[in-house]
Structures are given as C-alpha cells and as structure tokens.
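Participant: Here are the chains, one letter per residue:
Protein chains: 2
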Amino acid sequence: MISNSAQFELMSEFRAKCKKHNLKMTPQRVTIYQELVKAKDHPGCEDIFERVHKKFPDISLDTVYRTLSTFADIGVINQVEGYGEAKRYDPNTGRHHHLRCLKCNSIVDFQDTTFNNLRIPKSVEKSFVVNNIKVILEGLCKECAKK
Amino acid sequence: MISNSAQFELMSEFRAKCKKHNLKMTPQRVTIYQELVKAKDHPGCEDIFERVHKKFPDISLDTVYRTLSTFADIGVINQVEGYGEAKRYDPNTGRHHHLRCLKCNSIVDFQDTTFNNLRIPKSVEKSFVVNNIKVILEGLCKECAKK
DNA sequence: TTTTCTGCAAATCCTTTGCATATCC
DNA sequence: GGATATGCAAAGGATTTGCAGAAAA
Numbered sequence: 001m002i003s004n005s006a007q008f009e010l011m012s013e014f015r016a017k018c019k020k021h022n023l024k025m026t027p028q029r030v031t032i033y034q035e036l037v038k039a040k041d042h043p044g045c046e047d048i049f050e051r052v053h054k055k056f057p058d059i060s061l062d063t064v065y066r067t068l069s070t071f072a073d074i075g076v077i078n079q080v081e082g083y084g085e086a087k088r089y090d091p092n093t094g095r096h097h098h099l100r101c102l103k104c105n106s107i108v109d110f111q112d113t114t115f116n117n118l119r120i121p122k123s124v125e126k127s128f129v130v131n132n133i134k135v136i137l138e139g140l141c142k143e144c145a146k147k
Numbered sequence: 001m002i003s004n005s006a007q008f009e010l011m012s013e014f015r016a017k018c019k020k021h022n023l024k025m026t027p028q029r030v031t032i033y034q035e036l037v038k039a040k041d042h043p044g045c046e047d048i049f050e051r052v053h054k055k056f057p058d059i060s061l062d063t064v065y066r067t068l069s070t071f072a073d074i075g076v077i078n079q080v081e082g083y084g085e086a087k088r089y090d091p092n093t094g095r096h097h098h099l100r101c102l103k104c105n106s107i108v109d110f111q112d113t114t115f116n117n118l119r120i121p122k123s124v125e126k127s128f129v130v131n132n133i134k135v136i137l138e139g140l141c142k143e144c145a146k147k
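Chains as they are written, first to last, in the working numbering: chain A, 1 to 147; chain B, 1 to 147.
Derived from the structure by calculation, the hints contain no laboratory data. It cannot be assumed that every hint is accurate.
The list makes no distinction among identical chains, and a pair is therefore deemed to hold if it is satisfied within one copy or across any two copies.
Claimed, not checked - List time: in silico DSBU-like cross-link candidates among lysine-lysine, alpha-carbon distance up to 30 Å:
hint, residue 1, residue 2
1, K17, K122
2, K40, K142
3, K122, K19
4, K147, K122
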C-alpha cells in the first residue's frame, strides 16, 4: 500500500517532469497516471483503458496509447517485457546475454562469467520455478551513441 | 563463422529434435532452420521470410510464422525480446527485477542485492552505452507450477 | 492567442486461423 | 494410407496516424 504522503510526492514529481518536457496537464493524463501508480500487475494499454474508463467514460483508447507512450518517453514510467514489437528469434540456445540498443533495436550477444553464474535468490525459489535467468543490458550501441 | 562440422552437428541435432516431437522434415523447415543458424541479428519472422524467399520463392509468410513458433516450442530456437505481445508498463522506476511467468504471463517485482549490484563487464563498456541492467527470471509462478 | 491534446475514424502492422490440397513417413 | 504440413485468403489484435475541434498555458 502506498501512503498518502508518498502518493502526493509522486504526483508532484509527475507534474514537475511534465512541465520540464512541456507537457500540458490534462485530466486524462492525471487520471491515467493515478491509475498506473496503483497498478501492481504491469498492465498493458487495454488494461489501463478499462480501469480509467470507469472514472472517465469519455476517454478514448488511442489517448491511452499516446499517453502511456509519452510517459515512457519522459521516464515517468517504464516499458517492460513485452515491448509491443514483432517477435524475434535466437538460434543460439546456449548460455549467453544480450545487449539491446534502444534506438536501432539491434540485439547483440555477449558472454560474461559473472552473469553466467548468477544464483536464484532463496526468497524467489519458494514462490517461483525458474527456467532461465536473462540478463539484458539496455542502452545505445556504438553507432547510435555517436549521434 | 561456423565450421562445416559444427554446422553438420547442428543439423543432426535439429533432425533428432524434430523426430522426437513427431515433426516431419519438409524442405521449408530445413531451409528456415538453415537460414536461422546463419543469422546473427536475432531476426523476426518477416526477416526470415525475406531471406528464405530468395532460395524458396514459393514459401508463404504464414509457414514461416508457424515454423518459427513450432521451433521455439520444441526448443530448437528461442524467442527473445520482444515477445510479440502487447506493450506493458511499470510505474516503478526504481531499481528492481522481474519474475515472468511463461504460462500466465504475470510479471512480479522482486528485490535482490546481488542483482542490484551487478557491474557492467569491461568488454561491453567499450562498445555500448548501458542505461540499465535488467535481470529477468523466467519460469512458472506458484499457481501455474501446480498444474 | 497560441500551442498542444483529444477523440474519431481509418490505416497499418503483426500474427493467427480455417480449410482444401499437397507432402512426408 | 494416414497423419501432418503448406499455401491461400480472410480474420483478428495491437498500435499508429491524419485531422478538426477542444482544452491548456
């Protein structure tokens, strides 16, 4: 549960970040953000739309799409797996890790012994059967970093 | 570059796995698999289709979709980020990690100090600007593991 | 008043499905 | 010969886009 003061703080941060990026405060944006903060299930656009729609029957689905995308752009929220992109496949079924460029979407394999030997935390073992550990480094590849 | 003998070995493994899962060997499947093994770019369905199409002009796009999906099911290849699923968002922008259930698609946050303190490998630093490290444990959640 | 956002509708992209025919074992 | 795979066409789901009117700064 989030305390009232924490919620208030989140809300001011949100307003500050919007201001910084010249985003106007609209009731749609506020409602969507509030609904997001409550969510513990890493919801998709449709999920958020359904929840927001109860309080705000006139909101349209594409506003939710646009808003979530904008929020992610300015770092108010994050996108998680999946990325809404097309499926991609890897013929290398051995242990390895990925660099993922956020700009050009390239994925490059790399090896690292520390990452290979990560142990599953005890606390996780009790509630989850882990098949595999993925380590993904997200950022910019050499070419994209130049620009 | 993959040596001829390594390529031959991959091919026998491939045939063995197909046999085990009662998959027939068709020229489409062989061609798709060969094209995949050569790929270093974690291609999508459309990519594979274009490459295969040059050698095999009669192949259809949906065969490629079906085949790649089948290959992933039997573990001949792996799906990587993205998963072809809808976008999902996380209001928690702080450091944390994810458990991802492969069956029900739930994503649950967890904390772990070891994972929090992973260092970016030196070899990576030279060729990549890392924004964030993601650790994702994939497997089955408690409910799905029961079945 | 100017810039930005929203809702609507249409378009686009990715993926799956049903079915008849062709192919593999 | 029997089971399975393929190609075609159509459907389905997710996401984006253009545009005119509405709302925020």
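Participant: Since the copies are identical, ignore which copy is meant and state whether K122 and K19 lie within 30 Å (CA to CA) inside a copy, between copies, both or neither.
Facilitator: Cα proximity of K122 and K19: none, with 43 Å in one copy and 38 Å across.
Participant: Which holds for K40 with K142 at a C-alpha limit of 30 Å: within a copy, between copies, both or neither?
Facilitator: between (35 Å within a copy, 17 Å between copies)
Participant: At most 30 Å between C-alpha atoms: does K147 with K122 qualify within a copy, between copies, both, or neither?
Facilitator: Between. Shortest inter-copy distance 22 Å satisfies the 30 Å Cα cut-off; intra-copy 43 Å does not.
Participant: Is it within a copy, between copies, both, or neither that the alpha carbon of K17 lies no farther than 30 Å from that of K122?
Facilitator: neither (37 Å within a copy, 33 Å between copies)
This entry does not satisfy hints 1 and 3, going by the numbered hints stated previously.
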